[in-house]
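Chain by chain, the residues run as shown.
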Amino acid sequence: MRAALFVPCYVDQLWPRAALAAVRVLESHGVEVVFPEDQTCCGQPMSNAGLAAAAEPLARRFLEVFGGFEAVVCPSGSCTSMVRNHYDAFLAGAPGFEKLKARTFELCEFLVDVLGVRGARGRFPHKVALHQSCHGLRELGLGVPSERLLPRTNKVDALLRTLGGIDLVPLARPDECCGFGGTFAVAEEAVSVLMGKDRIEDHTRAGAEIVTATDVSCLMHLEGVARRERRPLRFMHVAEVLAEALA
Amino acid sequence: MTGARATGGHPAAAAEFVANEPRARWHDQALWFVRDKRDRAASLVPDWERLRDAAAAIRAHSRGRLADLLEEFEAKAVACGAKVHWAADAAEHNAIVHRLLSERGVRRVVKSKSMLTEECGLNEYLGARGIEVVDTDLGERIVQLAGEPPSHIIFPAIHKKREEIGALFHEKLGTAEGLADPKALTEAARGHLRERFLAAEAGITGVNFAVAETGGVVVCTNEGNADMGTSLPRLHIACMGVEKIVPRLEHLAVLLRLLARSATGQPITTYTSHFQGPMEGGELHVVIVDNGRSALLADPSVRGALACIRCGACMNTCPVFRRSGGYSYGWVVPGPIGSILASARDPAAHATLPFASTLCGSCDAICPVKIDLHGELLVQRRTLAARGLVSPGKRLGMRLVAFVLAHRALYEAAGRLLRLALRRLPRSLLYGPWNVWGRRRELPAPPEESFRETWRRTRGARG
Numbered sequence: 003m004r005a006a007l008f009v010p011c012y013v014d015q016l017w018p019r020a021a022l023a024a025v026r027v028l029e030s031h032g033v034e035v036v037f038p039e040d041q042t043c044c045g046q047p048m049s050n051a052g053l054a055a056a057a058e059p060l061a062r063r064f065l066e067v068f069g070g071f072e073a074v075v076c077p078s079g080s081c082t083s084m085v086r087n088h089y090d091a092f093l094a095g096a097p098g099f100e101k102l103k104a105r106t107f108e109l110c111e112f113l114v115d116v117l118g119v120r121g122a123r124g125r126f127p128h129k130v131a132l133h134q135s136c137h138g139l140r141e142l143g144l145g146v147p148s149e150r151l152l153p154r155t156n157k158v159d160a161l162l163r164t165l166g167g168i169d170l171v172p173l174a175r176p177d178e179c180c181g182f183g184g185t186f187a188v189a190e191e192a193v194s195v196l197m198g199k200d201r202i203e204d205h206t207r208a209g210a211e212i213v214t215a216t217d218v219s220c221l222m223h224l225e226g227v228a229r230r231e232r233r234p235l236r237f238m239h240v241a242e243v244l245a246e247a248l249a
Numbered sequence: 002m003t004g005a006r007a008t009g010g011h012p013a014a015a016a017e018f019v020a021n022e023p024r025a026r027w028h029d030q031a032l033w034f035v036r037d038k039r040d041r042a043a044s045l046v047p048d049w050e051r052l053r054d055a056a057a058a059i060r061a062h063s064r065g066r067l068a069d070l071l072e073e074f075e076a077k078a079v080a081c082g083a084k085v086h087w088a089a090d091a092a093e094h095n096a097i098v099h100r101l102l103s104e105r106g107v108r109r110v111v112k113s114k115s116m117l118t119e120e121c122g123l124n125e126y127l128g129a130r131g132i133e134v135v136d137t138d139l140g141e142r143i144v145q146l147a148g149e150p151p152s153h154i155i156f157p158a159i160h161k162k163r164e165e166i167g168a169l170f171h172e173k174l175g176t177a178e179g180l181a182d183p184k185a186l187t188e189a190a191r192g193h194l195r196e197r198f199l200a201a202e203a204g205i206t207g208v209n210f211a212v213a214e215t216g217g218v219v220v221c222t223n224e225g226n227a228d229m230g231t232s233l234p235r236l237h238i239a240c241m242g243v244e245k246i247v248p249r250l251e252h253l254a255v256l257l258r259l260l261a262r263s264a265t266g267q268p269i270t271t272y273t274s275h276f277q278g279p280m281e282g283g284e285l286h287v288v289i290v291d292n293g294r295s296a297l298l299a300d301p302s303v304r305g306a307l308a309c310i311r312c313g314a315c316m317n318t319c320p321v322f323r324r325s326g327g328y329s330y331g332w333v334v335p336g337p338i339g340s341i342l343a344s345a346r347d348p349a350a351h352a353t354l355p356f357a358s359t360l361c362g363s364c365d366a367i368c369p370v371k372i373d374l375h376g377e378l379l380v381q382r383r384t385l386a387a388r389g390l391v392s393p394g395k396r397l398g399m400r401l402v403a404f405v406l407a408h409r410a411l412y413e414a415a416g417r418l419l420r421l422a423l424r425r426l427p428r429s430l431l432y433g434p435w436n437v438w439g440r441r442r443e444l445p446a447p448p449e450e451s452f453r454e455t456w457r458r459t460r461g462a463r464g
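Protein sequences appear in the order of chains A and B. Start counting at 1 in the first sequence, then tack on 2, and there's your number in our numbering. Start counting at 1 in the second sequence, then tack on 1, and there's your number in our numbering.
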């Protein structure tokens, strides 16, 4: 199978190891990965700022760049959700848009739902806490959030759990937001940082060595707070965990 | 009161709240306790999610037939002997209530919990006209004694520690100094309120639901204060927003099961009082208030918010509300639902509220009537931007970023520059006062190469 890799702008520039890891994981499952180099950003920052006019050209560009692929895979739940759940405001009715929406996947979702992967390969003998990134969890439905009274299934957790030797530690608040929230991180700096500190406290108490998540944005924020607070936690994208287990 | 209407809006008020970190944490934990209790209560109801679906359908239906249902309610209520009054706005509401009271020479009123009368500023209005209104819900009485508005729609005094309530009661009610035992304080309040109940000449209540088919109104309390306040005086005035209407009594079987569990984690409120017509020898007046609601109904982008049954679950689950407190929103209804309602009513006055959210979506996942709260917050952001209420700096900055992102070469150059700056600039410059991110957080450690640079180097240009 051939898949186009959609690498969010901040991952490309600031945390490329998550995308490199995603390539390794996908290729280990026999996927032919292509990287359309004309891609830049999905436009979520502008859209969430309310500036639809600034976001629209980026949505159109995204459709042009990715419209021709049978699958688009992204190591971010938030940016995937932007395409699937928020592009209607800009692209409703555009030729190829419905197909693009249906064929754009977050990495774990692609592994589980499209490739039918039931067990991740390799060993990862560490104490890991899974931070549930909100948009992947609640907008994409990668799992059932704690507010809902439904059987607790979770694609990311299920994948990680199959790694040899992994110890997934439970959190007191299993899916509270980290406080990043895009421009919120700066506009509401005080609340954002306190939310981050509280998540780090929860992960620390759970005895985690490594915090993992489907979104680099959450990790960048949490890592920034943890480093300032001199907490010894390590932060790895889910793709990095899966790739390191392959090694 | 520190409010979002003050300069700086929600971020400034929230920063002030967070500055006292132990207190912000305590507030967070108090409300998380309620969230946790709600989770456990909801988990004991089979088919909770189907109940939410049913509630959402009932609320959508009621909204769609609002005018018809209100007229049906009026006819039935009148047939039961109640009087129905219509108020277009807060001023009319207050004038109607004042007229009813002054015509009967009433000087002392007891009131059970009503966010609508808070919204209309009824206490101040009547107070200025020589009528004393005593709030009889314990939490509301606490904030009333303190001269503050409620900070939460279900727990009006959630922001106060018991020691502070003890000090307040010592000053206002003459309790022993240093008394902070919740049970003893509650007893003191009960004694104090009992006198007010006995002296009251009229009782005002809010309305949780008005039933069109019966013409009855339903009030939910935990303290029985609505019953007490309407059983002793001969005059009962019930004030309700137009959206409180439900078609049939049987719909309460859905909504009441969700309300208390979502609000406090109780299976049901201690008292669910149905008022259908006046008591013998008494009067029941129902004041039906619009005050901006039909404008919301006319706007497809926000009408979903009218489904709200005021359970407060979105506040208890909101990680921002828990850490910034109700006052930081500067409006009568705070939290996610309040941010939508306030911004839809007066965008200019509440321009920071739709941004007081990370859009985590916990609110809509918990909402018992399934309002798409985070989706509506996003809609409000767009409305603000369309009306030019997003700061020029942010608008210009975002346009610039969007322009760069729309041109691959510019994007790649900007990315290289950013990584270079992160690597080379001295810390003193990098973490200058302009860097809001870096005040209490490190910037990411920049990689040598972007993903695409590595890709090009190792795989050549393809795809």
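Because the hints were derived from the structure by calculation, they are not lab data. Beta carbons: idealized from backbone N, C-alpha and C, even for Gly. Heads up, some of the hints might be wrong.
[Unchecked claim] Only part of the chain B face toward chain A is listed, based on derived beta-carbon distances under 7 angstroms:
id: 1; residue: LEU146
id: 2; residue: MET280
id: 3; residue: ARG382
id: 4; residue: LEU385
id: 5; residue: ALA386
id: 6; residue: ARG388
id: 7; residue: VAL391
id: 8; residue: ALA410
id: 9; residue: LEU430
id: 10; residue: PRO434
id: 11; residue: ARG441
id: 12; residue: ARG442
[What the hints assert, rightly or not] Per the computed footprint, the stretches of chain A lying under chain B, defined by three or more beta-carbons under 8 angstroms from a beta-carbon of chain B, are:
id: 13; segment: 148 to 161
id: 14; segment: 197 to 205
[As the list claims (entries may be wrong)] The calculated SDA-like cross-link candidates involving lysine to any residue, where the alpha carbons are at most 25 angstroms apart (straight line), are:
id: 15; chain 1: A; residue 1: LYS129; chain 2: A; residue 2: ARG163
id: 16; chain 1: B; residue 1: LYS371; chain 2: A; residue 2: ASP90
id: 17; chain 1: B; residue 1: LYS371; chain 2: A; residue 2: GLY143
id: 18; chain 1: B; residue 1: LYS38; chain 2: A; residue 2: VAL171
id: 19; chain 1: B; residue 1: LYS395; chain 2: A; residue 2: VAL171
id: 20; chain 1: B; residue 1: LYS162; chain 2: A; residue 2: ARG175
id: 21; chain 1: B; residue 1: LYS84; chain 2: B; residue 2: LYS371
id: 22; chain 1: B; residue 1: LYS162; chain 2: B; residue 2: GLY192
id: 23; chain 1: B; residue 1: LYS371; chain 2: A; residue 2: ILE168
id: 24; chain 1: A; residue 1: LYS129; chain 2: A; residue 2: LYS101
id: 25; chain 1: B; residue 1: LYS395; chain 2: B; residue 2: LEU423
id: 26; chain 1: A; residue 1: LYS101; chain 2: B; residue 2: GLY376
id: 27; chain 1: B; residue 1: LYS38; chain 2: A; residue 2: ALA55
id: 28; chain 1: B; residue 1: LYS162; chain 2: B; residue 2: ASP373
id: 29; chain 1: A; residue 1: LYS129; chain 2: A; residue 2: ALA54
id: 30; chain 1: B; residue 1: LYS38; chain 2: B; residue 2: ASP48
id: 31; chain 1: B; residue 1: LYS162; chain 2: A; residue 2: GLU203
id: 32; chain 1: B; residue 1: LYS395; chain 2: A; residue 2: ARG63
id: 33; chain 1: B; residue 1: LYS38; chain 2: A; residue 2: VAL146
id: 34; chain 1: B; residue 1: LYS38; chain 2: A; residue 2: ARG175
id: 35; chain 1: B; residue 1: LYS161; chain 2: B; residue 2: LYS173
id: 36; chain 1: B; residue 1: LYS371; chain 2: A; residue 2: THR155
id: 37; chain 1: A; residue 1: LYS103; chain 2: A; residue 2: GLU203
id: 38; chain 1: B; residue 1: LYS38; chain 2: B; residue 2: TRP49
id: 39; chain 1: B; residue 1: LYS395; chain 2: A; residue 2: GLY184
id: 40; chain 1: B; residue 1: LYS84; chain 2: B; residue 2: VAL107
The hints, checked one at a time:
Hint on B:LEU146 is violated. Least Cβ distance to chain A is approximately 29 angstroms, over the 7 angstroms limit. Of the supplied interface hints, the one on B:MET280 is violated, with its beta-carbon coming no nearer than about 40 angstroms to a beta-carbon of chain A, more than 7 angstroms. Given hint, B:ARG382 at the interface with chain A, holds; its Cβ is 3 angstroms from that chain's nearest Cβ, closer than 7 angstroms. Satisfaction of the interface hint for B:LEU385 is found here, the shortest Cβ-Cβ separation to chain A being roughly 6 angstroms, below the 7 angstroms cut-off.
The criterion of a C-beta within 7 angstroms of any C-beta in chain A is met by B:ALA386, whose closest approach is roughly 4 angstroms, and the hint holds. Because the closest C-beta pair between B:ARG388 and chain A is about 10 angstroms apart, greater than 7 angstroms, the hint is violated. Annotation: interface hint on B:VAL391 holds; nearest CB of chain A at approximately 6 angstroms, less than 7 angstroms. The restraint placing B:ALA410 at the interface with chain A is violated, with a minimum CB-CB distance near 10 angstroms, outside the 7 angstroms limit.
Checking B:LEU430 against chain A by beta carbon gives a least distance of about 18 angstroms; that is not within 7 angstroms, so the hint is violated. Taking 7 angstroms as the C-beta contact cut-off toward chain A, the hint placing B:PRO434 at the interface is violated, the least distance being around 13 angstroms. Satisfaction of the interface hint for B:ARG441 is found here, the shortest Cβ-Cβ separation to chain A being roughly 5 angstroms, below the 7 angstroms cut-off. Interface restraint check: B:ARG442 against chain A, minimum CB-CB distance 4 angstroms, threshold 7 angstroms, status holds.
With 5 residues having a Cβ less than 8 angstroms from any Cβ of chain B, the segment 148 to 161 of chain A passes the three-residue criterion, so the hint holds. Figure legend: the segment 197 to 205 of chain A, annotated as covered by chain B; annotation consistent (3 residues with Cβ-Cβ distances under 8 angstroms, at least 3 required). Only pairs whose Cα atoms come within 25 angstroms are accepted, and A:LYS129 paired with A:ARG163 is accepted, the gap being roughly 11 angstroms. For the proposed pair B:LYS371 and A:ASP90, the alpha carbon gap of about 21 angstroms is at most 25 angstroms, so the pair holds.
Between the alpha carbons of B:LYS371 and A:GLY143 the distance comes to roughly 16 angstroms, so the proposed pair stays at or under 25 angstroms and holds. A threshold of 25 angstroms between alpha carbons decides the hint, and for B:LYS38 with A:VAL171 the separation of about 23 angstroms falls inside it, so the pair holds. For the suggested pair B:LYS395 and A:VAL171, the alpha carbons sit about 40 angstroms apart, so the restraint of at most 25 angstroms is broken. Only pairs whose Cα atoms come within 25 angstroms are accepted, and B:LYS162 paired with A:ARG175 is accepted, the gap being roughly 24 angstroms.
A C-alpha spacing of about 33 angstroms is found between B:LYS84 and B:LYS371, which places the hinted pair above 25 angstroms, so the restraint is violated. A hinted pair counts as satisfied when its Cα atoms are at most 25 angstroms apart, and B:LYS162 with B:GLY192 qualifies at roughly 21 angstroms. Distance check on the hinted pair: B:LYS371 and A:ILE168 sit about 37 angstroms apart at the alpha-carbon level, beyond 25 angstroms; violated. For the suggested pair A:LYS129 and A:LYS101, the alpha carbons sit about 40 angstroms apart, so the restraint of at most 25 angstroms is broken.
Note on B:LYS395 and B:LEU423: the hinted pairing holds, with a Cα-Cα distance of about 22 angstroms set against a maximum of 25 angstroms. Distance check on the hinted pair: A:LYS101 and B:GLY376 sit about 23 angstroms apart at the alpha-carbon level, within 25 angstroms; holds. A C-alpha spacing of about 43 angstroms is found between B:LYS38 and A:ALA55, which places the hinted pair above 25 angstroms, so the restraint is violated. At roughly 33 angstroms between alpha-carbon atoms, B:LYS162 and B:ASP373 are farther apart than 25 angstroms, so this suggested pair is violated.
Straight-line distance between C-alpha atoms of A:LYS129 and A:ALA54 comes to about 42 angstroms, which puts the hinted pair past the 25 angstroms bound. Note on B:LYS38 and B:ASP48: the hinted pairing holds, with a Cα-Cα distance of about 18 angstroms set against a maximum of 25 angstroms. A threshold of 25 angstroms between alpha carbons decides the hint, and for B:LYS162 with A:GLU203 the separation of about 24 angstroms falls inside it, so the pair holds. Taken as a hint, the B:LYS395 and A:ARG63 pair is honoured in the structure, with Cα atoms around 23 angstroms apart against an allowance of 25 angstroms.
The hinted pair formed by B:LYS38 and A:VAL146 meets the criterion: a straight-line CA distance of about 19 angstroms does not exceed 25 angstroms. Between B:LYS38 and A:ARG175, the direct Cα distance comes to roughly 13 angstroms. Compliance with the 25 angstroms bound is thereby established for this hinted pair. Proposed proximity of B:LYS161 and B:LYS173 is supported: the alpha carbons are some 16 angstroms apart, at most 25 angstroms. Simply put, B:LYS371 and A:THR155 have alpha-carbon atoms about 21 angstroms apart, close enough for the 25 angstroms limit, and the pair holds.
The hinted pair formed by A:LYS103 and A:GLU203 fails the criterion: a straight-line CA distance of about 37 angstroms is larger than 25 angstroms. Restraint check: the Cα-Cα separation between B:LYS38 and B:TRP49 comes to about 15 angstroms, which is no more than 25 angstroms; the hinted pair holds. For the proposed pair B:LYS395 and A:GLY184, the alpha carbon gap of about 13 angstroms is at most 25 angstroms, so the pair holds. For the suggested pair B:LYS84 and B:VAL107, the alpha carbons sit about 18 angstroms apart, so the restraint of at most 25 angstroms is met.
Consistency note: the structure conflicts with the earlier hints numbered 1, 2, 6, 8, 9, 10, 19, 21, 23, 24, 27, 28, 29 and 37.
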